[in-house]
Amino acid sequence: MLNIKRILNLGSHVILVEFDTEIKPESLHQLLKIKAVLAKKYHHKKVEVTNTYASLCIHFLNENKIELNTEKERIKSIISSIDLSEISSAISSKLHVLPVCYADEFAPDLDFLAKELKLSKQQIINLHTEPKYTIYFHGFLPGFLYLGGLPETLHFPRKKTPRLQIPKGSVGIGGEQTGVYPSESPGGWQLIGNCPLDLFDVYQNPPTQFQAGDQIQFEAISKEAHQEIKQQVKEGKYQHQIQTHD
Amino acid sequence: MIKVLHSGLHSSLQDMGRFGVAKYAIPQSGVMDSYSASFANLLLQNKKDATVLEVTIQGPKLEFETKATLVCSGLKAKILLNENPISLNEVFKVQQGDVLHVQQVMEGNYLYLACKGGFESESVLGSSSFYNGITQQAKLKKGDRFQLNSAASTTANASTETHSHLKFKKEFFSNPTIEVFEGPEFHLLNSQQQEQLFNSIFHLSKNYNRMAFQLEETFENELDSILTSPVIPGTVQLTPDGKLIVLMKDAQTTGGYPRILQLTKKGIFQLAQKRQNENLQFTTSAFDR
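Those sequence lines, one after another, are chains S and X. The opening residue of the first sequence carries number 1 in UniProt numbering; numbering runs sequentially from there. The opening residue of the second sequence carries number 1 in UniProt numbering; numbering runs sequentially from there.
It is worth saying that the hints were derived from the structure and are not from the lab. It cannot be assumed that every hint is accurate.
Once the Cα atoms are required to be at most 25 Å apart in a straight line, the calculated SDA-like pairs of lysine to any residue come out as [as the list claims (entries may be wrong)]:
id: 1; chain 1: S; residue 1: Lys5; chain 2: X; residue 2: Glu216
id: 2; chain 1: X; residue 1: Lys139; chain 2: S; residue 2: Ser185
id: 3; chain 1: S; residue 1: Lys160; chain 2: X; residue 2: Lys47
id: 4; chain 1: X; residue 1: Lys243; chain 2: S; residue 2: Arg163
id: 5; chain 1: S; residue 1: Lys72; chain 2: X; residue 2: Ala212
id: 6; chain 1: S; residue 1: Lys121; chain 2: S; residue 2: Glu228
id: 7; chain 1: X; residue 1: Lys206; chain 2: S; residue 2: Ser185
id: 8; chain 1: X; residue 1: Lys139; chain 2: X; residue 2: Thr283
id: 9; chain 1: X; residue 1: Lys266; chain 2: S; residue 2: Asp20
id: 10; chain 1: X; residue 1: Lys265; chain 2: S; residue 2: Lys121
id: 11; chain 1: X; residue 1: Lys139; chain 2: S; residue 2: Lys46
id: 12; chain 1: S; residue 1: Lys45; chain 2: X; residue 2: Gly20
id: 13; chain 1: S; residue 1: Lys168; chain 2: X; residue 2: Asn209
id: 14; chain 1: S; residue 1: Lys46; chain 2: X; residue 2: Lys243
id: 15; chain 1: S; residue 1: Lys168; chain 2: X; residue 2: Gln136
id: 16; chain 1: S; residue 1: Lys41; chain 2: X; residue 2: Lys47
id: 17; chain 1: S; residue 1: Lys159; chain 2: X; residue 2: Ala212
id: 18; chain 1: S; residue 1: Lys24; chain 2: X; residue 2: Gly256
id: 19; chain 1: X; residue 1: Lys47; chain 2: S; residue 2: Lys24
id: 20; chain 1: S; residue 1: Lys72; chain 2: X; residue 2: Lys266
id: 21; chain 1: S; residue 1: Lys72; chain 2: S; residue 2: Leu113
With the hints as extra help, turn the sequences into a complete structure.
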């Protein structure tokens, strides 16, 4: 069960609630339940509630006068009134299937990783496409997803010196994490593939189809399929597969 | 319309930034020095969050293709209107064909040009603030054109009413203090380090931009990285090799370094206007935590 570790101010308009928790889907689902309840209680005000692995962050609009100590008490009492035992195994029922091309031209570090991990490239691809990863939150860059569930055999440190420019869609491994770079950016992850989708589009509402609590599975595709999907994405004709289950 | 003859170092349209989109990891953005920007808007009786032009160190050269009522706010700058000097915090008018040139920001880093009614720019996710990847433009380029708010051009003639009696409080910027709260990981520093943080004089390194201001001095510490956690503008991160990184308006929304201090809103605009050679000293906010 989630317990509040501490509740504190971050500046004059943000309250942080930190929980004693491990990084695991069950804890995330409890965290998201609390987040949803808080968001609902505050929905009539200019308030945004975000989460990371073990924190909830309650943002109040800078222009509004906020009595943080009063709000802290309110948040505490709202959280203590939530019955977390009622939460079923998963809140979200969405599984996103994301196509990834693991061909050499998109995977500058796959050879290196295979040697270091003493696996074949195909074994790495199999291991990487097998799990259903859980989305914990968005961070780092607009549309970047923090995923949990990378098999331990694939854990591998970041590069000592980050690359200055990583192409959009690059799929990488950094420590215990894996993910997709939603836009071109600097970055230190080991690159093993490329996903041809737009994970983020400011002109869509909402700008991303991915939510904390959703799951992601990667599906290996050929170079030809990558090119074809990329073209369809460009024309606005591609929708990735989303499976829903109760 | 206003035509950009020279872009300057980094000129961008900004308002008070985006709210409610941290969940997509979209930075807040918005004016770096909210005091000066709001002051300019106040002088023109604009709304506080009207879109202004933020000029960095070296300004743009702008040709006005329309009449406008304008004001520049900031610490000290050399500004010419058709070769005639313009004073800060004094409302002035331009006619069609006039050329405004912000030659140099002499004190501070940022200068704000506001027009009556505000500038008009594509609003994306609730804000006009430029940010690479969110708005189509990240900064103004030579040859760009941008507009006054459509309401602005009609009021530019009719109403000349302004708040010209207001006084710009330059003293906010004239001493080394940067107002802060203790950050979420402040307590992980030992008492000597905590004292040192408030008793030391720091300086800005050459690495500073809208995303973060990195300090020159290193601060020795044994703190480990933390689990990736929320950060906001003004969060001061301490890296294992002792770098102090103050996140600013275009900062990311999460981070993995200990958050040892949190600048107040005042602290953010104070720091935004500091330069490399100036002394900085953190001071606790008068607010009660």
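We went through each hint and held it up to the structure:
For the suggested pair lysine 5(S) and glutamate 216(X), the alpha carbons sit about 34 Å apart, so the restraint of at most 25 Å is broken. Note on lysine 139(X) and serine 185(S): the hinted pairing holds, with a Cα-Cα distance of about 18 Å set against a maximum of 25 Å. Pair hint lysine 160(S) plus lysine 47(X) does not hold up; C-alpha atoms about 48 Å apart against a cutoff of 25 Å. Under the criterion of a C-alpha separation no larger than 25 Å, the hint pairing lysine 243(X) with arginine 163(S) is consistent with the structure, at around 20 Å.
A hinted pair counts as satisfied when its Cα atoms are at most 25 Å apart, and lysine 72(S) with alanine 212(X) does not qualify at roughly 29 Å. As the CA atoms of lysine 121(S) and glutamate 228(S) are separated by approximately 24 Å, the hinted pair is consistent with the 25 Å bound. A C-alpha spacing of about 21 Å is found between lysine 206(X) and serine 185(S), which places the hinted pair at or below 25 Å, so the restraint holds. Between the alpha carbons of lysine 139(X) and threonine 283(X) the distance comes to roughly 33 Å, so the proposed pair goes past 25 Å and is violated.
For the hint linking lysine 266(X) to aspartate 20(S), the alpha-carbon distance of about 33 Å lies beyond 25 Å, and the restraint is violated. For the hint linking lysine 265(X) to lysine 121(S), the alpha-carbon distance of about 51 Å lies beyond 25 Å, and the restraint is violated. A threshold of 25 Å between alpha carbons decides the hint, and for lysine 139(X) with lysine 46(S) the separation of about 29 Å lies outside it, so the pair is violated. A C-alpha spacing of about 11 Å is found between lysine 45(S) and glycine 20(X), which places the hinted pair at or below 25 Å, so the restraint holds.
Only pairs whose Cα atoms come within 25 Å are accepted, and lysine 168(S) paired with asparagine 209(X) is accepted, the gap being roughly 23 Å. Of the pairs offered as hints, the one joining lysine 46(S) and lysine 243(X) is violated, with about 35 Å between alpha carbons and a cut-off of 25 Å exceeded. The suggested pairing of lysine 168(S) with glutamine 136(X) holds, with an alpha-carbon distance near 17 Å, which does not exceed 25 Å. With a C-alpha separation of about 30 Å, the suggested pairing of lysine 41(S) with lysine 47(X) is violated against the 25 Å cut-off.
For the hint linking lysine 159(S) to alanine 212(X), the alpha-carbon distance of about 23 Å falls within 25 Å, and the restraint holds. A C-alpha spacing of about 18 Å is found between lysine 24(S) and glycine 256(X), which places the hinted pair at or below 25 Å, so the restraint holds. With a CA separation close to 46 Å, the supplied pair lysine 47(X) and lysine 24(S) exceeds the 25 Å bound. At most 25 Å may separate the alpha-carbon atoms for a hinted pair to count; lysine 72(S) and lysine 266(X) meet this at roughly 23 Å.
With a C-alpha separation of about 47 Å, the suggested pair lysine 72(S) and leucine 113(S) falls outside the 25 Å cut-off, and the hint is violated.
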